[in-house]
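Novice: One letter stands for each residue in the lines below.
2 protein chains.
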Amino acid sequence: MENQKQLFRYESLASELETKIKNGTYRAGEKLPSIREFHHHLSLSISTIYKAYIELEAMGLIEARPKSGYYVSPPQTIMRKPAFIKRSSMPKKVDLSSVAQSIHNAISNPDILPLGGSVISPELFPHKHFSRIIKGITANEMKTLMGYAPTGGTYQLRRQIAIRTVGIFGEIDADDVVITNGCMEALTLSLQAVVKSGDTIAIESPTFFTILRLLEELGVYVVEVPTDPRYGVDPEELEKVIAKNEIKACVFMPNFQNPLGALMPDSSKKRIVEMLNQKEIPIIEDDIYAELYFGKKRPSTLKKYDAKGLVLSCSSFSKTLAPGLRIGWILADERFRQRIQKLKSVVSISTSNLDQFVLARFLESGGYDRHLRTLRKALHHQVISMACSIQKHFPYNTRLAIPEGGTFLWVGLPGGIDGLTVFEKAMENNIAVLPGVACSASEHYKSYLRINCGYPFLERMEEGIATLGRIIRNSIC
Amino acid sequence: MENQKQLFRYESLASELETKIKNGTYRAGEKLPSIREFHHHLSLSISTIYKAYIELEAMGLIEARPKSGYYVSPPQTIMRKPAFIKRSSMPKKVDLSSVAQSIHNAISNPDILPLGGSVISPELFPHKHFSRIIKGITANEMKTLMGYAPTGGTYQLRRQIAIRTVGIFGEIDADDVVITNGCMEALTLSLQAVVKSGDTIAIESPTFFTILRLLEELGVYVVEVPTDPRYGVDPEELEKVIAKNEIKACVFMPNFQNPLGALMPDSSKKRIVEMLNQKEIPIIEDDIYAELYFGKKRPSTLKKYDAKGLVLSCSSFSKTLAPGLRIGWILADERFRQRIQKLKSVVSISTSNLDQFVLARFLESGGYDRHLRTLRKALHHQVISMACSIQKHFPYNTRLAIPEGGTFLWVGLPGGIDGLTVFEKAMENNIAVLPGVACSASEHYKSYLRINCGYPFLERMEEGIATLGRIIRNSIC
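Here the protein sequences come in this chain order: R and Y.
According to the working numbering, the first sequence is numbered sequentially starting from 1149.
According to the working numbering, the second sequence is numbered sequentially starting from 1149.
Extracted from the complex, chain R is given alone in its bound form:
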C-alpha cells in the first residue's frame, strides 16, 4: 500500500509539471526547482521528486545538466515540422552521382566536425568493460577462437540475441539468428536472398546513402515510397505503390529511420506487414536504431506482425556498443534461412569468432541494459541540445522535428535553399553535414540537411551550428 501511494505521488507530481511545461509556465531552457527546494516546499520525499524528474526526462520534457540541475527541454513545436512529400516515383535503377560519392567521402574525414556521418562517439561505449572481457580470455579459449566459427554464428551469441527479442519480434529462438559482418552484410545477404538484378523493390523516401549504393550494385530497380518524417512509411502510399508495380521486396526502417528519425506507429507496422504478407512480398527490416529510443519502451518491429516468415529483420551492435567489432545479424524464419546461410558461407565463410565471443560474453554479463540506459540518456540530451542550438542559430522558418529516438535531425532549410551549397560552404569551414540529395534517387530533398547528433554536444558543436546558421542566412540574401 505504502508503495502504491508513493507511486501515485511521483506520478501526480510528474503530471502536474508536464502540464505546466506544456502550457508555458515553465519555458524551454529554464531551470526547474532543485529536488531539495521541492522537498522543502512540498514536503515530498527526495525519492518521489527524483522519480518524477526521471519520468519527465524519459518523456523528453526536461533534461539533466551535470552539476547544474534539471532544465526544461525545448518544446517540440517551435519550428515547423519537416514536410511530408507525398510523391512516389516510377521504378528506376539507382544511379548515384559522383557528387553523392564525394559527399560520402568528405563526411568520413575525421578532421572535421562530425555532423554529417552516422557515427556515434566511441566515448559513449563501455570500453573498460570490454577491456576486462578481453583480458579474461584464457589461452584455451583463444585456441578455439582462432578456428572458424560456424557459418551462421556461435550458439552463445545467437542465444543472447534471441533472448533480447522477447515480446518485440514474435517467436524467435537461437536457430532463427544468422550472425553477419555488421548490419550492411545482413542487408546485403537478405537482399541477395530475395531479389535478383532487374527486380523492382520498394524503399523509403528519403533513405540512407549506403543502402542506395547497395541497390545500385545489385542492379535492381527501386520505387521510392513517400515516408512521413514523423510516422514513417505511409501504408496508403505503399498500397498504391504495390498496386502499380510488381514489387519483389521492400526495405524499411520502421524505428528511428535514417535520415528522418521517423517512428512507425504499431498500427502502421501491423497494416504494412499484413498487406505485404498477403501479396507474398518479403520485407527487409533494418532495425539498427531501435534500441536508441528516448521514450519508455523499445518500439516493436515489423517482424512481430509477420505471419508468413516473410520479414528478414536486420540489425547490429554498431549503434549501441562497438561498430569496430563487426557483428550484425538477421532474424530469419526457415523460409529464407538456408539460402542466407549458403550465401554467407560463400561471400565470407563466417564471422569473426573473437568478436562474437567478446560480444556474447558482454551480453551474458548483464551490463548491456544498464549501458543502454546511459547511452539513450546521453543521445537524447545530444539531440535536444542540437535542436536547441539549431533553433537559436538557424532562420525561424527552418523545419525541424525532434525524433523519439536515434541520432539524426532532419532539417528543412527555408526558402528552398540548396542543401548542396550549404554542404559545400560548410566543408570550407571544416563542418560536415549531409545534404538531402544524398538520401534519395529523386530530387525531392534538395532543401534538406541531415544532422548527426552522435557526439557529445560540446562548445565546438554550438560554434559549428552557429556557423551553419550564418551560411544559411547568407544563402537567403
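None of these hints come from the bench; they were simulated from the model.
It cannot be assumed that every hint is accurate.
No copy is singled out in the list; a pair is fine if it fits within one copy or between any two copies.
[Stated by the list, open to error] Pairs of lysine to aspartate or glutamate residues, derived as DMTMM-like cross-links and limited to a Cα-Cα distance of at most 20 Å, are as follows:
1. Lys-1344 with Glu-1364
2. Lys-1291 with Asp-1259
3. Lys-1490 with Asp-1243
4. Lys-1291 with Glu-1271
5. Lys-1490 with Glu-1364
6. Lys-1344 with Asp-1243
7. Lys-1456 with Asp-1321
8. Lys-1344 with Glu-1365
9. Lys-1396 with Glu-1365
Based on these hints, arrange chain Y on the given structure of chain R.
Specialist: Same frame as chain R, now just chain Y:
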C-alpha cells in the same frame, strides 16, 4: 673460411645421401643412421650432420619422427600421377547440383574424420602467442578498437602485409592493400569489381567448391581451362580458350592449387600474365596456400609479372594463423582499388578492428616466420604420411602425386570407380572425403577424390585411410 668449409661439408653429405635415397640404397620408410652414429663413423660434427638432415628434410626426401629419428620419405613416383585432362569447356553458367551442396554440408560436420574439408587443425596455430597479445591490449587501445577501422583496413596491418610481399609480388606498398573479411570476401569483391552478371570468365579445371558457388551466385558464365595436376594452368590451353571466347576475367590459384596441389612454374606465370596483360584481361589470383611450401622458398606470384595493374592478388591468414579471425586482403593497383574500396564500404563497411589489431601485433612481434617454418614442416610430414598410407591401403593403380606445398592430395581412383559412391560409403563410416564432382561444373573428375592433410596424422587417420582402401577395393569387385 672455416664457415665456408663447414657449408661444403654438410652440402656434400646431403648430396651423397640424396643420391643414395634416389637410387634406392635407402628405401622409403627406412630409418637413417642417427646423427650420433654418423658422428662416430664419419668424424663429421654433429651440426654438419644435423644441417644435412635439415636440408634433406626441406627437400622432402626425409622426415623427422619425434623421439625416433629421421626416416626416408616415400618416393614421389611409386604411384602414377593424376591425369592431365586436356579438355576445355564451352562457356556455361555454373549450376551446382544439390548433391554438391549436400557434400559440402556433410564434410563440414565436425564429428567425422576431416579428410574432406580444407581446414587446418587449430593445434597447429600459435594460440599461446595470440593469447598473450590479447591480454596485452590496454583499455585505451580497446576504446579505439571498438570504433570502425578504416574501410580499406588499418595502416598497421596493411603495412605488415606489404612488408611480406617484397620480392614476390613486384612493387607493393601499404596503400595497395585492401583488408577484407577473409579470402572469400577478397575474391568476391575482386570479381564484383571486374565482371558483371552474364560475363564469361576463365577458371581452372578442377577448382574448389566455394569459388564455383560464388560464380553461380554472380550469374557469370565460366570456361574451364585444362589444368595440369602438377604444373597448373597450361598456357597453351589458356591461349586457345581466350582466342575462342570473350573472357572478361580469369580466376587462378598458381601456388598449391585447390584441389590439385599444382604449382605453376615461373615461366608459366610469366607467360600467362603477359598474354592476359596484352588482351587487357584482369586476373584474380588466389594465393592463399603459397606460404605452405615444402621446398626452399616461397613461390612467386602472377602479380609479380603484372605490368598493367590487372592482377588482383587475394589471400588471407586462414591457412597459416587463424581462420577464426576473419582477415584477408587484396593487393590491388590504383586501377581497381577505388572500386574495390567502394564495394567494401557498401557490403560490410570495414573489417573487424580487433582482429586486425591482433594480427598486426603478431606480425610486428616477428614470430610469424618461425611459426611458418614449424607449420610447413608439420604439414609436409602430414602430406607425406597420408600419401604413404594411401600407397599402403589403396589399390596399386591409384593415381597420386605428392604436391610441393599445401594440404591436399588429389587421388585418381582406379578403374573409373565413382568418387561419389566412395564418398557416400565413407560417410557411412564417418569419414569425409571430397569427391571430384564437387570440384568442377564439368564431369571430368568423377573418378577423383581430394584428401585434406590439414590434421596431424594420428592412428585414426591411418584407420580411416585403411577403411577407404577397403571401400575402393570393394567397389572394383
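Novice: Now look at each hint and say whether the structure bears it out.
Specialist: For each hint, the structure was consulted:
1. Lys-1344 with Glu-1364: both (12 Å within a copy, 13 Å between copies)
2. Lys-1291 with Asp-1259: between (39 Å within a copy, 18 Å between copies)
3. Lys-1490 with Asp-1243: between (29 Å within a copy, 14 Å between copies)
4. Lys-1291 with Glu-1271: between (31 Å within a copy, 8 Å between copies)
5. Lys-1490 with Glu-1364: Between copies, since 12 Å is at most 20 Å while 23 Å is not.
6. Lys-1344 with Asp-1243: Both, since 17 Å and 16 Å are each at most 20 Å.
7. Lys-1456 with Asp-1321: The answer is within: 16 Å in one copy meets 20 Å, while 52 Å across copies does not.
8. Lys-1344 with Glu-1365: Answer is both: 11 Å inside a copy and 10 Å across each meet the 20 Å cutoff.
9. Lys-1396 with Glu-1365: both (17 Å within a copy, 18 Å between copies)
When the structure is compared with the earlier hints, no violation turns up for any of them.
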